[in-house]
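Asks: Modelling step: build the complete structure from the supplied sequences, incorporating the hints.
So the protein sequences, as listed, match chains A and B. The first sequence begins at 1 in UniProt numbering and counts up by one. The second sequence begins at 1 in UniProt numbering and counts up by one.
All clues given are correct.
Quick list of in silico lysine to aspartate or glutamate cross-link-like pairs, EDC-like style, CA-CA up to 20 angstroms: (1) A:219 - B:220; (2) B:19 - B:104; (3) B:215 - A:220; (4) A:215 - B:220; (5) A:213 - B:214; (6) B:294 - B:268; (7) B:213 - A:220; (8) A:219 - B:182; (9) B:219 - A:179; (10) A:89 - A:106; (11) A:60 - A:99; (12) B:303 - B:314; (13) A:219 - B:179; (14) B:219 - A:220; (15) B:213 - A:214; (16) B:219 - A:214; (17) B:328 - B:142; (18) A:213 - B:220; (19) B:60 - B:96; (20) A:219 - B:214; (21) B:215 - A:214; (22) A:215 - B:214; (23) B:219 - A:182.
Treat the hints as calculated values from the structure; they're not laboratory data. Since we're looking at a predicted model, the values are computed, not measured.
There are 2 protein chains.
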Amino acid sequence: MLTNQNSLMEGKKNIDFAKVKQEVRVFAPATVANMICGFDILGFAVDFPGDEVFMRRVAKPSVTILAIHGDDGRLPLDPDKNTVSACVKMLLNHLELADSIGVEIELTKHMPIGSGLGSSSASTVAGLFAINSLLGDPLSKEELMPFCVEGERLACGHGHADNVAPALMGGITLIRGYEPLDMISLPVPEDLVAGIVFPQVDVPTRDARQLIKEKVSLKDAVVQWGNIAGLVAGLYRSDYDLISRSMHDVLIEPTRAILIPEFYAMKEIALSCGVLSFGISGSGPSVVAISRGKEAAQQAVDKIQAHLNAHGIESLQFVSSVNAQGPKVINLK
Amino acid sequence: MLTNQNSLMEGKKNIDFAKVKQEVRVFAPATVANMICGFDILGFAVDFPGDEVFMRRVAKPSVTILAIHGDDGRLPLDPDKNTVSACVKMLLNHLELADSIGVEIELTKHMPIGSGLGSSSASTVAGLFAINSLLGDPLSKEELMPFCVEGERLACGHGHADNVAPALMGGITLIRGYEPLDMISLPVPEDLVAGIVFPQVDVPTRDARQLIKEKVSLKDAVVQWGNIAGLVAGLYRSDYDLISRSMHDVLIEPTRAILIPEFYAMKEIALSCGVLSFGISGSGPSVVAISRGKEAAQQAVDKIQAHLNAHGIESLQFVSSVNAQGPKVINLK
Chain A
1 MLTNQNSLME
11 GKKNIDFAKV
21 KQEVRVFAPA
31 TVANMICGFD
41 ILGFAVDFPG
51 DEVFMRRVAK
61 PSVTILAIHG
71 DDGRLPLDPD
81 KNTVSACVKM
91 LLNHLELADS
101 IGVEIELTKH
111 MPIGSGLGSS
121 SASTVAGLFA
131 INSLLGDPLS
141 KEELMPFCVE
151 GERLACGHGH
161 ADNVAPALMG
171 GITLIRGYEP
181 LDMISLPVPE
191 DLVAGIVFPQ
201 VDVPTRDARQ
211 LIKEKVSLKD
221 AVVQWGNIAG
231 LVAGLYRSDY
241 DLISRSMHDV
251 LIEPTRAILI
261 PEFYAMKEIA
271 LSCGVLSFGI
281 SGSGPSVVAI
291 SRGKEAAQQA
301 VDKIQAHLNA
311 HGIESLQFVS
321 SVNAQGPKVI
331 NLK
Chain B
1 MLTNQNSLME
11 GKKNIDFAKV
21 KQEVRVFAPA
31 TVANMICGFD
41 ILGFAVDFPG
51 DEVFMRRVAK
61 PSVTILAIHG
71 DDGRLPLDPD
81 KNTVSACVKM
91 LLNHLELADS
101 IGVEIELTKH
111 MPIGSGLGSS
121 SASTVAGLFA
131 INSLLGDPLS
141 KEELMPFCVE
151 GERLACGHGH
161 ADNVAPALMG
171 GITLIRGYEP
181 LDMISLPVPE
191 DLVAGIVFPQ
201 VDVPTRDARQ
211 LIKEKVSLKD
221 AVVQWGNIAG
231 LVAGLYRSDY
241 DLISRSMHDV
251 LIEPTRAILI
261 PEFYAMKEIA
271 LSCGVLSFGI
281 SGSGPSVVAI
291 SRGKEAAQQA
301 VDKIQAHLNA
311 HGIESLQFVS
321 SVNAQGPKVI
331 NLK
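Replies: The following block contains the structure:
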């Protein structure tokens, strides 16, 4: 899918006011960016965790955040600073509805912030999918994408799409390029399972990006793109062995692993459980074990949690298939 | 396909001497390494040009080069230095036949040397495929691959496989990695055509490699691997638009293009003919226009040749579908 961000955002849509609903509740999934070897270009969605947005139409044409749950007070309530409300306002402006439609928003985070699981993307996507659903779906998912990328830019300081793309589209997504945004949905082998462990230490995304070297050796880059090509081929072939051989990151992991306690011990544990691959989810500190079937992933995350626990590090675990759907409406009336 | 080079080369085969033939003639195809965006990992074979090896069994257990045609006297006749005979000797040694089987070889080059079209690979593959055919096919193509890589190392000073792999296997091949050699055959969209122009100027492979920078910016590398992933996905989807959007080389072409006269003029001409992409074949100086159907490729190479001619540069052109077969036995008795 090739989208021209500017032209999409300039295109107007006629809204049928009879179709506008009163309230909606939407869930959008967490995502694993990079998919271990595909820095900044690959990502996939999981079934859980994720974020929930409840949105209710109000008479006054303004966007407000009523409450945020599960963020320990870390996210802003100011509607211009919160990514959910800011994106909703952006979409209403685009549709020239800012003077006629108002909503109150409640955001419930069922996932940790700063975990490397696309927390801001899940919120952004949930918010945009919610307002679009409330308005009777004037935009397609593809048309929502540029707004999601803008939301990511607002939340993280850069408009990367490797979290928002899978959060919105579901499945495994490839961002081939950014100028213009070119997103491809890749096939998902049926038995692919992700076991995620979030060690509860703080690794801000901005810091994790700044650590990465600006120059890399061509030799390492060739190894990396051989693996990326192998992974894409492996997904099309449902060839789990090829997927396993391909999911190695020689460029980013060595640097980012420094910020993650017990990374190499966790990796050894995961691989000993027979997973296909193990690496960092996004910018970390969450780590992800990719397996064929649930058993190896579950065993890996259990053992990793036990290991972290023995080292005095609290953690959360999530085991999930790849989420094919992306955001979903929980109820709408 | 994952091959362990050492274990394969150590494995012995029993030869049925009753099946050994007297003479064989084999053609092996030229190849376009890199496939524009996939430096050192992608390559494809074409129907023509290519090299022909004629091999005749002789009583004396030795390997000799009787004659080489079409090389303007540039290739060595010394059986230890010529890649064809050296590879044949290597295979006979591996099969413990060096004391019992002898052959005379004639090599006919139907393609230019130092053109960036895998000239040494075509000779290596033709020679190895010929001796294997003469012996009654004791090795599979996959088993021949490590010997082909060794031949490439002998001829070019490095054991890259992005020419020998498609020359041997046919089609489009991905070298996911080298340790161990991991080769994947990618699907070939039916209408893919390559229009090749060889400007008759000298660009030795070694020099072309040495020009390339050892360090690249991570930003450019991300663009490159987004394109590589897009190309692989495009091949699986037979999505010519995606293939076209993906086949751009931001890393290697800017450097290698310096050595190729009129490169950017040729590129402009090719793109104006509606080809999907245009770039350097291997290390050059041959250039390749990839098109959907023959027409655009043929038009592009005709116009490029006319342009080169006007600038006093002689050239050759070849227009071909992707060759699915690799080497073929022309006759065997």
